[in-house]
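Chains as they are written, first to last, in the numbering used here: chain R, -5 to 310; chain F, -5 to 310; chain D, -5 to 310.
Read the hints as simulated data drawn from the structure, not as lab findings. Where hints are given, some of them may not hold.
No distinction is drawn between identical chains; accordingly, a pair holds when it is met within one copy or between any pair of copies.
As the list claims (entries may be wrong) - In the EDC-like style, the derived pairs of lysine to aspartate or glutamate whose C-alpha atoms are separated by at most 20 Å in a straight line are:
hint, residue 1, residue 2
1, 108, 46
2, 78, 176
3, 78, 267
4, 196, 23
5, 242, 23
Being a predicted model, the structure only gives us computed values, none of them experimental.
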Amino acid sequence: MIGRDLLGIEDLEREDIERILETAMHMREVGERDVKKVPTLRGRTVVNLFFEASTRTRASFEIAGKRLSADVVNFSPAGSSLKKDESILDTARTLDAMDPDVVVVRHGVAGVPKRIADVLAAPVINAGDGAHEHPTQALLDLLTVQQEKGRIDGLTVTIVGDIVHSRVARSNIYGFRKMGAEVRIAAPPPMIPANIEVLGVKAYTSLRESLNGADVVMALRIQNERLAGSWFPGVREYSATFGLDRAKLRHARDGAIVMHPGPVNRGVELSHDLTDHRPSVILDQVRNGVAIRMAVLYLFAGRRGGDGPMPLPDVR
Amino acid sequence: MIGRDLLGIEDLEREDIERILETAMHMREVGERDVKKVPTLRGRTVVNLFFEASTRTRASFEIAGKRLSADVVNFSPAGSSLKKDESILDTARTLDAMDPDVVVVRHGVAGVPKRIADVLAAPVINAGDGAHEHPTQALLDLLTVQQEKGRIDGLTVTIVGDIVHSRVARSNIYGFRKMGAEVRIAAPPPMIPANIEVLGVKAYTSLRESLNGADVVMALRIQNERLAGSWFPGVREYSATFGLDRAKLRHARDGAIVMHPGPVNRGVELSHDLTDHRPSVILDQVRNGVAIRMAVLYLFAGRRGGDGPMPLPDVR
Amino acid sequence: MIGRDLLGIEDLEREDIERILETAMHMREVGERDVKKVPTLRGRTVVNLFFEASTRTRASFEIAGKRLSADVVNFSPAGSSLKKDESILDTARTLDAMDPDVVVVRHGVAGVPKRIADVLAAPVINAGDGAHEHPTQALLDLLTVQQEKGRIDGLTVTIVGDIVHSRVARSNIYGFRKMGAEVRIAAPPPMIPANIEVLGVKAYTSLRESLNGADVVMALRIQNERLAGSWFPGVREYSATFGLDRAKLRHARDGAIVMHPGPVNRGVELSHDLTDHRPSVILDQVRNGVAIRMAVLYLFAGRRGGDGPMPLPDVR
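Modelling step: build the complete structure from the supplied sequences, incorporating the hints.
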C-alpha cells in the first residue's frame, strides 16, 4: 500500500498515515523500556544524506536507526559543487552503490529528494526539502495530537506563522486534512501563500479569529532574517500580533494544546512561559519524533529485495 | 553514594573516587582482551554534546561507550546562537527528550554542564567546562599515578604551568588532595590564581624548589596565544624557566614520573626527549582515559529509572 | 605473507593481491544477502583518521567496518597545527594509545601514512596520501576488471589523464603490472611524469594510439584548478583530445570497459552518456570498494596481538 519512498504527506493515503502512527505507537513502547533496542533492522544500513545542516533531525534519525539495531552512516557533503543538480545525483548514486537499505535526504531545495529517489535503488525518506515538505515532522505532530486528544478526526487545528516558507506547514496541512481535521492558517498577509484555499484550509489575518474553537495551535519558527525584509513586519510587531501567550490562547478552545517544531525563538513565536510549560507539548513532539522515525525506517528500510514491509512481531 | 551527575571532582567524596578507580581497573582488563567489548550498556544511548571542539576527548568517550556496547551519538552544535544560555539549554532539552541514558557535555564556559544538568532528566558528565573542571582528566591522572606508584596517599605532586586558566589543574588539585597527596603548584606569578592556598596547595615561583621531593610532576599545556600576552613571559622564557627536561627533573625525587594532559607543545612544556620517553607516562594517561570513561559511563549511564548503579558481574 | 600495514600496492606481492581479491569476493557475497553483516570483527575498533576531507572513501570504509561488526570511530583533525609533522604523529600516537585494531589514514602529503605506521602499534591502511598511492582504490579496480573480464593477466589497460598528480594512477600501475597486464598511459605531455617507463608502462600523447587493443580504459579525475594553470591545456581542449566518448572508444578493443574513480567531471573526462551507461562500470567500482575494504579490514585488523590473519569460516 505504502509506496517505496516517503517524499511527502501529499502522496500518502489516510490508511498509510494510520499505519505509520500505529507502528510508531509500538515503537514508543520500545522507548519506554530500560533497554530501548530491538533487533529489527540488524544488518541494515541507514544513510543520513544531509546536504543542509540539521543536528536535531539528524540526531533523531540516528537514534531511531540505532534503536532498531541498524548501522547508521552520516554523510554531509560540503562544497559548492554540490549545488549542481548533477553533482547531487552522482553523490547519491555513489552512496546507493554501497547498498544502503534506506537513504534519508535533507536538502535546501524543494524536489531534490524526489530527483534522488528517481535514480536510486534504495528507498528515500525526505527529511525536509526547501519549502516543500517535511513529512516525518507532520507525522510526529499527528502522533502527538493523537496521543493528547485521543483522535484527530473532527479537531480544529490552527497553524500560525510564515506559511509561505514553511515545509512544516505544508506537510501538516496535508496530514491533518487527510486525517479529517479542520485546518486554519493565521499570519500577516505576506506570509500567506496565494491560493492556499485549494489545500482545503481557511486563511486568517486575525489571530484571535483563527483561534476561536481551536483544539490545537501550532506555531511555526520564524526566520529572523526574513523578518528583517522590508515587506514583512518586524520581530516586535510580529510578536505582538502573532506571538502566542496565555492571554491570546484564551481565545482557543478550553484544553487546547500548543505545538512548535523547534527551536523556539522565545518571546517571538511563543512567550517564555508557554515555551516551557503545558499546554505546550514541544518536548513530547521531540520524543515522538524518534518513535515516528523508528516506524518510518522500519516500514521503508526493510523492503529492499522484498515485496513489502516485514512483520512486526519482534517489536512487541 | 555517587550523585546523579559528574560535574566536578570538587563534589566527590574520597570513596566515590576510589570506587571509580576500582571500576576503571576492571575496565582496563577489558581493554587488554582481544575482543575489547562487554554488553553492559547494550541498548543504552550515550550523547556526546560537544559545544567546544575536541577530537581527542570526544574519541575517548566514543570508544569507551562503544566498548560497553552503548549506542554513541555525537552532537556538535554550531552557530552563534549557541552562545546564548537559553539556546544552549533548549538544545540540551531537545536532546534529552530523545531519552539518552547519559549526556557528556563540553563547553567553553564554566558552569554550563551544571546549568544543563539542572534541566535534564539524563545524567550529565562534564567533559570540560571553561577554566572550571575536567573531572575525567583528573580521574585518569589519578588512575595513572595509582598504577605507577601503587598508591596516591602520601605522595607529593607538583603541577607546573598556567594554573589560572587550567580546568585540568583545578580538577587534579581537588582529586589528589582528596586522595591524600600533597599538591604543589609552580608557575610564573601571573599564572598563579589569587588565594590558591584555600585549596590546600602550596604555590612556588621557583620550579626547582617545587620539585624537591616530588613523586609526580604534571606539566600543563600552555596556550601559545596566552604567552603572546603582554603580562605573561614569552614562549622562550617560559620554556627556559618552567619547561621540563631531564636536567631540571633531577631536582625531583628519584623515580618521579612526568605527566601531561596532551597535546604537548614539544620544547615548551616538555623537552622532546621527555615527551617521548619514560619517566613520562603520557600515552598511559591516554589509555587510562578510555578505562576511566568506561567506568564513568558504566556508573552514571545505567541508572535512569533505577535507584543505583548496576552490578558489575559481566564486566569481569 | 602480507605485511602488517597496507601502505601501497608497490609493497605487495602478486600472491598478496590475489589473496585480497579472493577475500573480497567472499565479502561481496555478504553484500548480496538481505542481512549484510557478519560478526567477524565484533569488538574490534576501526579508526578512520582522515586529515584530508573525503566523504566517499570515508563512508566506504565506515560501511565496510560496520558490515564486519567492528566499531568505527571517525576522527578528522582540523587546524593548522596539524600540518606539522610532529603534531600529526602525536595525534596518531594518542589515538593508538586508545588501542584501535586498525587505523585508516588519509593525508594530503605523500608518505604520512608510512611515517604514522612507523610509530603505531596498530596496523595502518593508507586511504590515499598526496600523489603517492591509494591502494584500496587500485584493489577495487582490479576486482572490477577480474569480475568483468574473468582475468587480469594478459589484458591491456590504458590509463588516461593527469598521471603526474594521481595516486590512483600510481597504485593502479603497480597493481595491473604485478597481475600481468600491459599498462599504457595517455595524457598531454605536462601530465606525464618523467621516467614513467621505469614502472613498466608505455606513455602515449595520442589517445587514439593508446586505445588500440585496450581491454580496459581508465579515465582519471582532472582537478579543474590544475587545468586553469598556464602550462596545462584548458578544460575544453582537454575534453576534446582526451575526454572519452563512444566515438573515441571505438578505437579500443570490442567489449572494452571504461572505469573512473569518481566523481566524474561530466563532459570533461567522460561524456554524459558514457558516465551513465555501459561499458562504463563506475558504480560497480564503488560497490566493489566496500567489498575490498571489508577484505582489507578483515585481513589487517584481526591481527593485533596474534600472529596472522584469522580464519575465514564465518564469512562464508
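Consistency of the hints with the structure:
no. : hint     : in the structure
1   : 108 x 46 : within (16 Å within a copy, 31 Å between copies)
2   : 78 x 176 : neither (40 Å within a copy, 38 Å between copies)
3   : 78 x 267 : between (44 Å within a copy, 18 Å between copies)
4   : 196 x 23 : neither (37 Å within a copy, 56 Å between copies)
5   : 242 x 23 : neither (36 Å within a copy, 62 Å between copies)
Checked against the numbered hints given earlier, the structure breaks hints 2, 4, 5 and satisfies all the rest.
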